[in-house]
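Enquirer: Each chain, letter by letter, is given below.
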Amino acid sequence: MLEKINEIAQLFTNDIGNARGMQTLEEIRVKYLGRKGLVAELMSKLPSLEKEKKPAAGRELNTLKARIQKELEARQRTLLSGASLTREEIDVTMPGIKPPEGRLHPITQTLNEINGIFVSLGFKIAEGPEIEKEFYNFEALNIPLEHPSRDAFDTFYIKKDTLLRSHTSTVQVRIMEKTKPPIQAIMPGRVYRPDAVDATHSFMFHQVEGLMVDRDIKFSDLKGILNIFTKQMFGEKTEARFRPSFFPFTEPSAEVDISCIMCRGKGCRVCSHTGWLEILGAGTVNPRVFEAVGYSPRKYKGLAFGMGVERIAMLKYGIDDIRLFFENDIRFLKQF
Amino acid sequence: MKVSYSWIRDYVDANIDPKKLMSLLTMSGTNVTSYESTGGDYIFDFEITANRPDCLAVIGIAREAAALLGKPLKIPKELRRLAKPKSKSKKETSLSISVKDAKLCPRYTARVIRDVEVGPSPDWLRERIISAGLRPVNNIVDITNFVLLETGQPLHAFDLDRINGAISVRCARKGERIITIDNVPRTCEEGMLVIADESAPVAIAGVMGGLQAEVNDMTRTILLESAFFNPISIRRTARFLRVGSESSYRFERKIDVDMVPRASERASALIVEISGGNIGPLIDIGKVSSPAKTINFSVDRANSILGTSVDKKRAVKILKALGFSMEDKKGSVKVTTPGFRQDVKGDADLAEEVARIYGYENIPLTIPRIAGNTRIKDFINIFEEKIKTTLTRLNLNEIITYSLISKSSIRYANINDDETVVIENPLSIDQEIMRPSMLPGMLKAISHNFKRYAKSLSFFEVGKVYGEKNGIYTEEPVLSLGLAGVKREEWSSPGEDFSFFDIKGTLEKLLGTLGFSGEISFKKGAHAGLGANTNAIAEYKGKQVARIGEVDRDVSRGFDIEKRVFYGEVYIENLLKEAQLDRKYIPYSRYPSVMRDISIVADKGTASCDIVSIIKEVGRGLVKETLLVELYKGKQIPKDKRALLYRIEYRSDEKTLEDAEVEKVHSEIKSALTGKLSVSFR
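Going line by line, the protein sequences match chains A and B. Just so we're aligned: 221 in my numbering is position 221 of the first sequence, and the numbers increase by one with no gaps anywhere. Numbers in my numbering are just positions in the second sequence, counted from 1, shifted up by 1000.
Honestly, the hints are just simulated from the structure, not real lab data. Computed from a predicted model, the values in this text were never measured in an experiment. Note that beta-carbon positions come from the ideal geometry of N, C-alpha and C, so glycine has one too. Please note: incorrect hints may appear among the correct ones.
[As the list claims (entries may be wrong)] Derived, one-sided and incomplete: chain A residues facing chain B with beta-carbon distance under 10 Å:
| no. | residue |
| --- | --- |
| 1 | Ile-90 |
| 2 | Val-92 |
| 3 | Pro-95 |
| 4 | Val-119 |
| 5 | Leu-121 |
| 6 | Ser-149 |
| 7 | Tyr-157 |
| 8 | Gln-184 |
| 9 | Ser-202 |
| 10 | Ser-220 |
| 11 | Leu-303 |
[Unchecked claim] Pairs of lysine-lysine residues, derived as DSS-like cross-links and limited to a Cα-Cα distance of at most 30 Å, are as follows:
| no. | chain 1 | residue 1 | chain 2 | residue 2 |
| --- | --- | --- | --- | --- |
| 12 | A | Lys-299 | B | Lys-1317 |
| 13 | B | Lys-1019 | A | Lys-237 |
| 14 | B | Lys-1523 | B | Lys-1635 |
| 15 | A | Lys-124 | B | Lys-1386 |
| 16 | A | Lys-160 | B | Lys-1103 |
| 17 | B | Lys-1320 | A | Lys-299 |
| 18 | B | Lys-1524 | B | Lys-1584 |
Generate coordinates for the entire structure from the input sequences, incorporating the hints supplied.
Expert: Here you go:
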């Protein structure tokens, strides 16, 4: 019996040493002093002891019970007095300590948003080289050598037939060369044009192009898909309009305008008082592009579209100078 | 191209609000970018796409308007059909013209008009010329410009009395000189097409006339030229001379050969009417005409391209109004393209013509069947996204810098330029080469911010570096890291600067997230631009995955940075194959840990990683974590030593560890350390 009492005493020393709060203290009290606790359990065994052992065991057990009670109370006092430390005076108007965090570049955020919309529509993300053969940038896309349609695509050259791609349409050709339809992909990436740098022109920028090829793709599908995109990207109230235009690699071609997100179409400085903002070019794939990649233009039809990411980010965030994206001023980067 | 509302109405009864007309034209592809209203008229500024040279003419735009409004197009009679030459006997005998290069000049017409009276144009003509944004000169020049604007056919009038003998259309000889009407002396390139008399060129064909034979108030006899020049040749010449004119702009885009003699007739009639004179016969060399293409048109095919249900009657009506000839033969329609629409080559083009006039806004919205890609994102996309989100979580800000940089910036950064990709035609010195390293861009961004009083900078960029070896171009994805200045600026933390161990810690944390915990080894390295003693290579399975270090002070000063900069490059392709983004749950021990500190005094040359690996090896199974909690160098220990305090966490997966067990392993670790690294303990 005395051994048992010692064991419980040892156990209690351990437990009380680890008690860090009121909840554990209560658990300990129940464990030792509760109606079905360890002490009560030993108490209930006292009557069955041999006569001569009863007094000593009773004494020891009472001492233990008193000690447990005392130490629990003492522990409780220290814990409570510790709690009173929080009554310290502070200046609540001092700035909070903000956990540091970094930001993604606004171009990345815009790209993620654009990609996300098309990915949800089943488009696969595809990439291709920035240093390209002239063929992929021009001839395969029905942009003949020395034709005025090339004027819109001034290009950096590395050597005679090698250049920096001036649009990501190059990736369209590469995909079609090595895959059979159906194709459904978007192609984000950096593109380069030797434009004099000003508030709206940069010699490097980002594009996202999209391509779908299948047996029964129609121009009306382009309208359906881009309608979802413009509404998701710029808001439910944004209207999109399709205007006939010209791109050598699509036929029919369209320029897509959205109702000005600044003035809601009323006319303002940003939309040159037209109420509309040009945001992307699109069309059904020109059969000559299919011929260039070895697809049968009779069998397949396609749709393609392309947009400048900087332009979209500028409209979305109200940024008025494209150079800000590449200056990397921390006061700019921290805003997005 | 500027065209007034009233001029358009000369050819079509457009009885609608000019703004309504503007919107109809814009929405059918003849885009009006701006307009101005002056004196009751409207002047529209059209943006004509490269495929539509026919709309670089007022009649072309009027044809569009007529098709949109369902009204007839009224064309002046000289332009409708070419009047047959009245009699073959009436041949021009006073003048010899020869075309030496029929490839560059497939058709050349000229006509002598004698006894003209040169003077100012009548008001109506001056107004038309001014409305198009040109300057009235005299009646002859104004008429040629008027017909150019009206028909799109460039014309040129020479003062025949100032031309010396026979005229030839030929390629220029090297070094031939001409002063053009803008009073600029120009040297011809060999092979560019000129109109020359017996002594010298008198005009650069299709681009600009010469001063010598310019029509002025004294002119009595003119030679009226109307021709078709090869578009590529004109484009090259205009680019070479860096001049563009109303004429060259149209020739480059390919004019309608059929209009060559008609425009001449039209201008001749106007000259006689306005400045008097006697018209000579038309000299017409190389009678080619515009190629006409016949296409089988099926309205079903057009509807399947467009997703519409336009009826056949409507489609045929639209194409007719646009100038196509239609021949309906029991279901199949043969369409013949007019000379001014050489951009139309197949059924997709015809579908576009129908759609433009039918109205893109009337095409329904549909959703195609998805292609069923099995994989939407490649692993590299997911991997790069993970890198970016991890680093922003670790308080780094993403930057995007130019992939084109200057040669001097890589010299400043002390980077080898042997295999760099060089740009042939940069616009400025900032675009000379494709970056072989991300370091210059990073330093530029840091420098920019320090100059603007930023205190704490932590940046990363995911991009590519470019190279060339034996004609093969490479593009390698790389992550760059840059830390500079104070770690935190707030009151709560003292102004401690970033150190090597911050960039190392950032890299370790990133690699941990990418699934590389614990197996990366760091050793001293040598990397361009980084200081010799603070430069480390991180390896995984013998492959270099990253380099980190402090930027050489000479290099950072080259970018105007005074503060210390810590830089890292991570080679994404070397990481890709081994990365493990998937997580598996590892059950953790339910038994308590025992912490023991070990304070080691070691030679400065003893590597921390060697100490830790001995601790881990000897304490295998029980040592769960070894944390360096203190580093001491100073008075209390010898000069060539340092003291390292490690906190070791012992834990068993099977039971609560007894003190004696821990003590046993701990002393084994100690003796292994003394044995292998000759360290002592404090």
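Enquirer: All the hints need checking, so say for each whether the structure fits it.
Expert: Hints versus structure:
no. : hint                      : result
1   : Ile-90                    : 13 Å, violated
2   : Val-92                    : 14 Å, violated
3   : Pro-95                    : 7 Å, holds
4   : Val-119                   : 5 Å, holds
5   : Leu-121                   : 7 Å, holds
6   : Ser-149                   : 4 Å, holds
7   : Tyr-157                   : 4 Å, holds
8   : Gln-184                   : 3 Å, holds
9   : Ser-202                   : 9 Å, holds
10  : Ser-220                   : 3 Å, holds
11  : Leu-303                   : 8 Å, holds
12  : Lys-299(A) x Lys-1317(B)  : 28 Å, holds
13  : Lys-1019(B) x Lys-237(A)  : 25 Å, holds
14  : Lys-1523(B) x Lys-1635(B) : 29 Å, holds
15  : Lys-124(A) x Lys-1386(B)  : 18 Å, holds
16  : Lys-160(A) x Lys-1103(B)  : 26 Å, holds
17  : Lys-1320(B) x Lys-299(A)  : 29 Å, holds
18  : Lys-1524(B) x Lys-1584(B) : 33 Å, violated
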